[in-house]
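Line order of the protein sequences matches chains A and B.
Quick note on numbering: the first sequence equals residues 1 to 275 in full-length UniProt numbering.
Quick note on numbering: the second sequence equals residues 1 to 271 in full-length UniProt numbering.
No lab work stands behind these hints, which were simulated from the structure alone.
Keep in mind that the hints are not guaranteed to be accurate.
[What the hints assert, rightly or not] To be clear about the criterion: a stretch of chain B counts as covered by chain A if any three or more of its residues have a C-beta under 8 angstroms from a C-beta of chain A, and this derived list gives those stretches:
id	region
1	35-42
2	57-64
3	114-127
4	150-160
5	236-244
6	254-264
[What the hints assert, rightly or not] Just a few of them, taken from the derived set where beta-carbon distance is under 8 angstroms, the chain A residues facing chain B:
id	residue
7	V53
8	G151
9	K154
10	G194
11	E212
12	S242
13	K266
Just so you know, these numbers come straight off a predicted model, no measurement behind them.
We put the beta carbon where it would ideally sit given N, CA and C, even for glycine.
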Amino acid sequence: MEEVPQGCPGTGSAQAGRGASCQGCPNQRLCASGAGAAPDPAIEEIKEKLKTVKHKILVLSGKGGVGKSTFSAHLAHGLAEDENTQVALLDIDICGPSIPKMMGLEGEQVHQSGSGWSPVFLEDNLGVMSVGFLLSSPDDAVIWRGPKKNGMIKQFLRDVDWGEVDYLIVDTPPGTSDEHLSAVQYLSAAHVDGAVIITTPQEVSLQDVRKEISFCHKVKLPIIGVVENMSVFVCPKCKKESQIFPPTTGGAEVLCQDLKIPLLGKVPLDPHIGG
Amino acid sequence: MEAAAEAGNLAGVQHIILVLSGKGGVGKSTISTELALALRHAGKKVGILDVDLCGPSIPRMLRAQGRAVHQCDGGWVPVYVDQEQSICLMSVGFLLENPDEAVVWRGPKKNALIKQFVSDVAWGQLDYLVVDTPPGTSDEHMATVDALRPYGPLGALVVTTPQAVSVGDVRRELTFCRKTGLRVLGVVENMSGFVCPHCAECTSIFSRGGGEELASHAGVPFLGSVPLDPELTKSLEEGRDFIREFPESPAFPALLSIAQKVLIEAPARVP
């Protein structure tokens with residue numbers, strides 16, 4: 001991936017190729033000719049490539065640290081318990097790739113073959129891909145701006161040889177930015193079942209989740225439902241419940257009622273998972 | 001240095017501290033808010049710059065949601081959260097017409113707003129400017145460091161939770177700090193254990209020890225462990241002053257020690 005200039009207006013912008021910051025960019029002529037505004041051919045390529053993937057689910061949250069990766073990993077494991085179900089887990093959190101660690105696959109490498117990148121297989125029926133597998137050291141920071149992250153996501157969707165898959169689960173970083181826009185854009189021709197949105201009970205999470213729901217509506221991504229994570233904590237000694245993240249505004253239950261979205265379930269805090 | 005001659009809106013800011021984490025949800029905004037409150041109680045004037053454009057949490061934490069941003073000759077007036085005008089705040093949260101509206105911007109647009117937040121907000125005379133960041137090492141972080149660098153040196157507080165999956169991301173954040181020349185004041189371990197209010201048993205819900213190990217591995221000070229306290233969570237939800245209202249909370253000593261460290265060690269701006 002070539003570096004893009006700092007003030008890049010974006011390839012789809014009316015200023016593409018014409019702005020002051022476009023001077024010297026290797027893609028300047030391409031953008032100025034209007035080619036940048038044409039639909040990315042990768043979208044059709046990805047549609048073709050993912051024809052062998054039956055179901056695609058995005059795991060989202062406006063908020064960080066609510067358990068998207070934990071949920072994605074557990075969902076992948078759960079679906080893969082039936083050895084006849086082929087499951088793929090794609091981690092597009094480029095700056096904070098948690099999935100390799102959660103799946104016990106740290107240090108694994110990605111291999112290239114004639115048909116593309118091979119995912120790392122945890123089980124015969126559970127394949128995983130993450131930028132984490134491309135980093136040589138756990139201290140390596142991925143300090144990339146939006147366009148470079150977008151390029152990586154395009155490659156993950158277009159160049160990974162997933163094979164025949166029943167469920168592709170896409171774990172995302174928090175927010176509503178480049179990674180999310182790119183994932184939705186590149187998957188726009190491939191049918192996406194929808195998004196599962198993860199939250200914790202407190203308002204500081206819910207306020208970000210409302211934004212994520214607004215994002216889904218904006219980009220016409222169906223919402224499968226909301227999962228409330230870290231609902232209650234059950235003390236391992238006295239077995240009494242405590243609410244560590246109090247649902248001061250009614251938690252996911254009220255949010256789902258207000259916005260008429262299914263509440264898929266509530267998951268308690270379990271030190272065996274969190275630890 | 002041309003930047004020193006044209007310090008503009010940051011001319012009166014004595015210390016700048018970025019609060020960072022590779023990981024989401026570890027408590028950056030919480031620590032930023034509590035640090036600001038503790039510094040205020042130590043008699044300091046504090047500004048908070050919230051550069052989390054997708055998930056701006058700080059307005060609610062200081063009961064400032066829905067406030068309007070006014071203009072003055074020097075640019076935008078930051079929102080004062082108290083009558084004494086000892087804490088002021090700028091956040092994209094104030095610029096949204098509807099609080100549920102998503103800021104769905106790509107990198108370049110985010111970078112442009114962050115530059116404006118740094119140069120076009122009339123911060124005035126501040127002892128400390130605390131910068132709350134989103135998780136990661138991307139556009140917002142690079143734009144913020146680039147925009148603030150002329151007013152350095154810049155200090156950094158890095159927040160983690162104890163478990164490996166957080167420490168894994170925060171190691172990368174420490175690399176970012178090193179590569180961008182931030183002076184790391186230390187690592188804070190948040191959500192360090194929960195004391196059951198019914199039986200007083202302490203459970204390490206998110207594992208234990210990761211923060212201290214990380215600090216040691218990276219060769220930076222370990223500033224302390226802040227335990228989970230539902231009163232702290234509630235205070236932030238309701239925009240209350242936790243430092244004043246809950247001095248007996250198990251979280252209080254660690255938060256105070258972090259503030260002490262900042263008071264003693266934050267690098268001062270080179271005039």
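Taking the numbered hints from earlier one at a time, note which ones the structure violates and give those numbers from smallest to largest.
-> Hint check: 1, 3, 4, 6, 7, 8, 9, 10, 13 fail, others pass.
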